[in-house]
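Engineer: Spelled out, the chains give:
Number of protein chains: 2
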Amino acid sequence: MALGRRGYDIRIGPGLLAEAASYKALRGRLVRIVTDANVAPLYLQPLLAALGLSAAEVLVLPAGESQKTWANAETVLDWLLRARLPRDGVLVALGGGVIGDLAGFCAALYQRGIDFVQIPTTLLAQVDSSVGGKTGVNHARGKNMIGAFHQPRAVIADTDVLRTLPPRELAAGLAEVIKCGLLGDAALFAHLERDLDRLLTLDAEVLADAIERCCTLKARVVAADERESLQGGGGPRALLNLGHTFGHAVETHTHYESWLHGEAVGLGLCMAADMSARLGWIAAADAARVTELVRRAGLPVRPPAGMRPQDFMDLMALDKKAAGGRMRLVLLRAVGDAVVSADFDPAALERTLAEFCGAA
Amino acid sequence: MALGRRGYDIRIGPGLLAEAASYKALRGRLVRIVTDANVAPLYLQPLLAALGLSAAEVLVLPAGESQKTWANAETVLDWLLRARLPRDGVLVALGGGVIGDLAGFCAALYQRGIDFVQIPTTLLAQVDSSVGGKTGVNHARGKNMIGAFHQPRAVIADTDVLRTLPPRELAAGLAEVIKCGLLGDAALFAHLERDLDRLLTLDAEVLADAIERCCTLKARVVAADERESLQGGGGPRALLNLGHTFGHAVETHTHYESWLHGEAVGLGLCMAADMSARLGWIAAADAARVTELVRRAGLPVRPPAGMRPQDFMDLMALDKKAAGGRMRLVLLRAVGDAVVSADFDPAALERTLAEFCGAA
Numbered sequence: 001m002a003l004g005r006r007g008y009d010i011r012i013g014p015g016l017l018a019e020a021a022s023y024k025a026l027r028g029r030l031v032r033i034v035t036d037a038n039v040a041p042l043y044l045q046p047l048l049a050a051l052g053l054s055a056a057e058v059l060v061l062p063a064g065e066s067q068k069t070w071a072n073a074e075t076v077l078d079w080l081l082r083a084r085l086p087r088d089g090v091l092v093a094l095g096g097g098v099i100g101d102l103a104g105f106c107a108a109l110y111q112r113g114i115d116f117v118q119i120p121t122t123l124l125a126q127v128d129s130s131v132g133g134k135t136g137v138n139h140a141r142g143k144n145m146i147g148a149f150h151q152p153r154a155v156i157a158d159t160d161v162l163r164t165l166p167p168r169e170l171a172a173g174l175a176e177v178i179k180c181g182l183l184g185d186a187a188l189f190a191h192l193e194r195d196l197d198r199l200l201t202l203d204a205e206v207l208a209d210a211i212e213r214c215c216t217l218k219a220r221v222v223a224a225d226e227r228e229s230l231q232g233g234g235g236p237r238a239l240l241n242l243g244h245t246f247g248h249a250v251e252t253h254t255h256y257e258s259w260l261h262g263e264a265v266g267l268g269l270c271m272a273a274d275m276s277a278r279l280g281w282i283a284a285a286d287a288a289r290v291t292e293l294v295r296r297a298g299l300p301v302r303p304p305a306g307m308r309p310q311d312f313m314d315l316m317a318l319d320k321k322a323a324g325g326r327m328r329l330v331l332l333r334a335v336g337d338a339v340v341s342a343d344f345d346p347a348a349l350e351r352t353l354a355e356f357c358g359a360a
Numbered sequence: 361m362a363l364g365r366r367g368y369d370i371r372i373g374p375g376l377l378a379e380a381a382s383y384k385a386l387r388g389r390l391v392r393i394v395t396d397a398n399v400a401p402l403y404l405q406p407l408l409a410a411l412g413l414s415a416a417e418v419l420v421l422p423a424g425e426s427q428k429t430w431a432n433a434e435t436v437l438d439w440l441l442r443a444r445l446p447r448d449g450v451l452v453a454l455g456g457g458v459i460g461d462l463a464g465f466c467a468a469l470y471q472r473g474i475d476f477v478q479i480p481t482t483l484l485a486q487v488d489s490s491v492g493g494k495t496g497v498n499h500a501r502g503k504n505m506i507g508a509f510h511q512p513r514a515v516i517a518d519t520d521v522l523r524t525l526p527p528r529e530l531a532a533g534l535a536e537v538i539k540c541g542l543l544g545d546a547a548l549f550a551h552l553e554r555d556l557d558r559l560l561t562l563d564a565e566v567l568a569d570a571i572e573r574c575c576t577l578k579a580r581v582v583a584a585d586e587r588e589s590l591q592g593g594g595g596p597r598a599l600l601n602l603g604h605t606f607g608h609a610v611e612t613h614t615h616y617e618s619w620l621h622g623e624a625v626g627l628g629l630c631m632a633a634d635m636s637a638r639l640g641w642i643a644a645a646d647a648a649r650v651t652e653l654v655r656r657a658g659l660p661v662r663p664p665a666g667m668r669p670q671d672f673m674d675l676m677a678l679d680k681k682a683a684g685g686r687m688r689l690v691l692l693r694a695v696g697d698a699v700v701s702a703d704f705d706p707a708a709l710e711r712t713l714a715e716f717c718g719a720a
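Chains H and G, in that order, are what the protein sequence lines are.
According to this note's numbering, the first sequence is numbered sequentially starting from 1.
According to this note's numbering, the second sequence is numbered sequentially starting from 361.
What the hints contain is simulated information worked out from the structure, not anything from laboratory work.
Keep in mind the model is a prediction, meaning the values are calculated, not measured.
Glycine is no exception: its CB is placed at the ideal position from the N, C-alpha and C atoms.
Okay, the calculated beta carbon distance ranges per label pair:
| # | chain 1 | residue 1 | chain 2 | residue 2 | range |
| --- | --- | --- | --- | --- | --- |
| 1 | H | 64 | G | 443 | 23 to 31 Å |
| 2 | G | 439 | H | 305 | 32 to 40 Å |
| 3 | H | 27 | G | 443 | 43 to 51 Å |
| 4 | G | 412 | H | 230 | 24 to 32 Å |
| 5 | G | 414 | H | 160 | 57 to 65 Å |
| 6 | G | 417 | H | 231 | 23 to 31 Å |
| 7 | G | 557 | H | 27 | 57 to 65 Å |
| 8 | G | 644 | H | 230 | 52 to 60 Å |
| 9 | G | 703 | H | 163 | 45 to 53 Å |
| 10 | H | 46 | G | 673 | 34 to 42 Å |
| 11 | H | 304 | G | 443 | 21 to 29 Å |
All chains, full assembly: derive it from the sequences and hints.
Structural biologist: Structure follows, in structure tokens:
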């Protein structure tokens, strides 16, 4: 990935966990590992064996998005300080997006920044959260409202680990894959429509191709706008938030407990496509293709029961995409072509919310 | 200050607080102010009047180094989230180094980074902590162990506000001024030996000259090594830590409660000079000049009662200057010429600690 002096390796493929010691970012370094209680029984021992480490060098946190908190960041930092990890040590995140975001945040802050390495163990983390350097924790008033930009030194995406992923989490990861196709890779979107069943059964070839296309797309977008600072936050990097403003509202409304991030994003893609069609920017048939693909992936296409249009409006207004008080959304001009816009007819948003929430 | 696209204005002089609205970084922006209970009664109203703001846009924290905590960072972030400050808002730090470091840390993390402006109200903050972009909080296991690099958009150093500074805090600020002379400006050191009495009575001309020399020196050093990343953290920026490894040990030992940061640094300068003389790098007479100037400034030149050499060793080993397990110190080759070194005879350190702690 090209980010000047901070460029780093992204490797994708089977069997990479066992080769962890071959990475320059890990060889001969003092290493600490953060993981969670779901991942530890499956992949911690192979990683410790590969790196010649003991369990004393690992912190195992409870699993789940509700753990991505300010309090847990303090827990990790306390542990690093007790261990007296020096400034030239390395922190490894072994887990999904929650562990990656939380450990990356702590690596950004510990002694004002130490190296870290991402070993993503979910499809969602492999195609999305492990690449790009966004780290952070959630807050009751919004997801990822507290964070830092901190690029990993390496990303090790071992596709073998996806075999133990629960079907619901695989589907959640597919939401981000569909997003990548929708926002900037029409060929990927077409591949997904054709090969979704093979992806759902973890066909190695289709899987590696999809992950690589997503990482390539994300790396290209991030290299153009690392800190989402261009055009007041409405530049290239903001395109990656397609579906996320709707999705974050759902996650916040449900306190990050009942919906997986990818599930919320999948719904958000349907809502963004629906709204784009109501604006006349894409055909109604294209919006229907989006909903159909999200549904085939096994993802929800309706908001949680009882969530009202006003709930969306209140939570979306706080979202980071709101600039100078004006709501900014990522919308579609075509399948494979997204645009960041604050210049849309608010009536289209209202109609989309009414339609999806089942109101009149 | 020259830091590429992130360069910013440092203004030094009388009456600047009343001109706050003239700063581009503040004009026409949504502004929130963090200050403390000592500063608020003195300078908050003039600043609010200058910016046309109300008290509702201010968070007043208790005063003191013991407030620079992870918990208070959460308090500030919660407040910003409740206020729904947008990503293009500005956070102003009105206060000394504690408020500047804490508010800067929160500005670095809020929505992954918003603009902030430093209005330092102590001599120490004006000559040191407000310039250079280091932000953070303390931890029971070490000072500034958790933090981020985040440059302010502007630094407004109004010298009029120093008139209300307690003498003890003025002296603490002078420690950093002496440090600047010692590490890179022999002329400043000589000026201080000649004009210290005028500085202690806040002679405007001598004061502005000393602050400007310190800021210029610091800006030059920071521009060469913004993130203290060169030479494994032992590059140019580390020189600014002259006296700090000894000083941080004192502050940690006393739980940041009884010693001011500048007091600890003043003692640290004496100890670094003493050790440099024991190594034969400077003359004993030069070490004596340092101790004499620190003493004349009204600063302590002995560690707190009961602090033992081993206490220093334990706490200094954890200091950020420790690289790969080896202790690194900033020492002197001459008055006005400091060097970062891990290559020193440890017996010299032991003798300095024994001498200052009053052991055999």
